[in-house]
Structures are given as C-alpha cells and as structure tokens.
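Engineer: For the sequence shown, the positions run 1 to 245 when UniProt numbering is used.
Just so you know, the hints here were simulated from the structure itself, not pulled from any lab data.
Ideal Cβ positions, reconstructed from N, Cα and C, are used throughout, including at glycine.
A hint or two may mislead.
Unchecked claim - Cβ pair distances, simulated, as ranges:
| # | residue 1 | residue 2 | range |
| --- | --- | --- | --- |
| 1 | 59 | 121 | 34 to 40 Å |
| 2 | 9 | 121 | 28 to 34 Å |
| 3 | 83 | 183 | 33 to 39 Å |
| 4 | 41 | 67 | 20 to 26 Å |
| 5 | 121 | 88 | 27 to 33 Å |
| 6 | 121 | 193 | 37 to 43 Å |
| 7 | 34 | 130 | 57 to 63 Å |
To be verified - Straight-line alpha carbon distances no greater than 30 Å define the calculated DSS-like cross-link-like pairs of lysine-lysine that follow:
| # | residue 1 | residue 2 |
| --- | --- | --- |
| 8 | 121 | 139 |
| 9 | 63 | 26 |
| 10 | 63 | 10 |
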Amino acid sequence: MARNPTRGVKMATGLTDWPSVYSGAKSYHPSVVPIFFRMGRLKHNRPGFALPLRALGNLELMKIPNFFHLSPPAIERHCQALQPLCTEWPGSLDLSSVPLRITTRNYLFAGPSLYHPGSRKVKLQVYLTDLVLDEHAKKKLIQLVGPRYNPENDELTIVADRCPTRKQNKDYAMYLLTVLYHESWKTEPWETEKSNDVEESEEEEEEEKARKKRKNPKRVRLIDGTLYRMNQYGKYFKMQLKVKE
C-alpha cells in the first residue's frame, strides 16, 4: 500500500496561502512545512547512520521557536490592517508641557509565551513645579521620596513593577503619588517640636559663639604703630620684632 503524501508534499509552490497555513506562533509541524531538512548531532558511534534525524518525529525541531508565521505576505497583511489605525506623529509636541508622564515598554519576541516580564514595568515622572506645594510640603516630599527626586531638573520618578500586570502597576504608581502629595501637606506635632528644637539649637550656637568671642579677646593690638601683646593676666606688653637680614 502506498503511503499518503503529507500536506507539505502536496503543497503547490506560489499558489498556497501561507499566512493561512501558519496563522500564528506555534511549534514546528513537519507535515505542513514544505521544507525537508535534518537537525541534530551526527551519530559517530553508528557507521552508515551518520546523518542527523529527519524532520518527521524530530523533537529538537519542536523545542525551538520558529518564525514561519512571520513570512513577508503575513507581515504585509498586518501592516495593511494596522495602517488605518496609525496617525502622524505631531511635530509640535512638547513633552515638557505635559505635567504627568507615564512610560511603558512593549516587547516583540518569539517564545512559548507572548508575555514578557519587563512589559509590566511602569515609570511615572512629574516635575515638582507642576504640583501645588508650599515650602514645607516641598521639603517634606523631597525627604519622603529620597533618591527618586532629581534636584538638577526638579523631577520626581516613581517606578512600579511589583504587580503582575501593567494596569495594576500604573494604578499603584498613581496611588503612591497621591499618598506622597497628601502626606507632604500634613504637619505632624513632632515636626513643630523639631523645628522649635532646631531654632533653639541655632540660638544656643550663636550665644556660644558670642560667649567665646568675649572670653577670647584679641591678644595682639596695634597702638600708635606699635604692637602690644596681652598675657594671661590681661596686661599688655610691647612686642619687639627682629628682622633677619
């Protein structure tokens, strides 16, 4: 009995709609792909059988990803379908005028899953000048965010990647910004006590400096063109300077 030929053998060159055969990413199928090749290591320990395994029943070909679904006709159809949804990039767009900026990344790759761990990462950026903050709130917000604030351009950056999806990380970043903003406007009792302590310490330091100046007057004075030095008892003695020739 003759064996039935597979679809790859019966496929007519130039007449087959290949994007319909491989419509998406999937494992290698030897009975569909009209390419006949072998893959694997050479069998050196078996004389006469040195060739690798053929495509039919070859597990190595099924392990690795392939790009048979990204043929030129398939890419052309994708571009034609996406073209009505595309618009021209605005030339007069100034990103500095946008108060809140959210940055995400999309990854295109071949693998067992279309999900990439880096696609859930969300970066939120905002200038503190675009927020309604007084002097106290701005100082407190800078202390709360720590290294996330860039003093060179007055920009705050919040990165969220803890949640499994991008939408959750975006909501979490907006939540953090909201909490930080409202927390910076709060004035706790210990903040008032701390500010009073700072003022008292500054006053004490100034008084200590003034007291040291009173205790340590100038021990050398110039009187009528003559230098006088004061000893530990408060009496002045004329100083004689010797100049070496």
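Engineer: Broken hints, numbered, in rising order?
Structural biologist: 2 and 3
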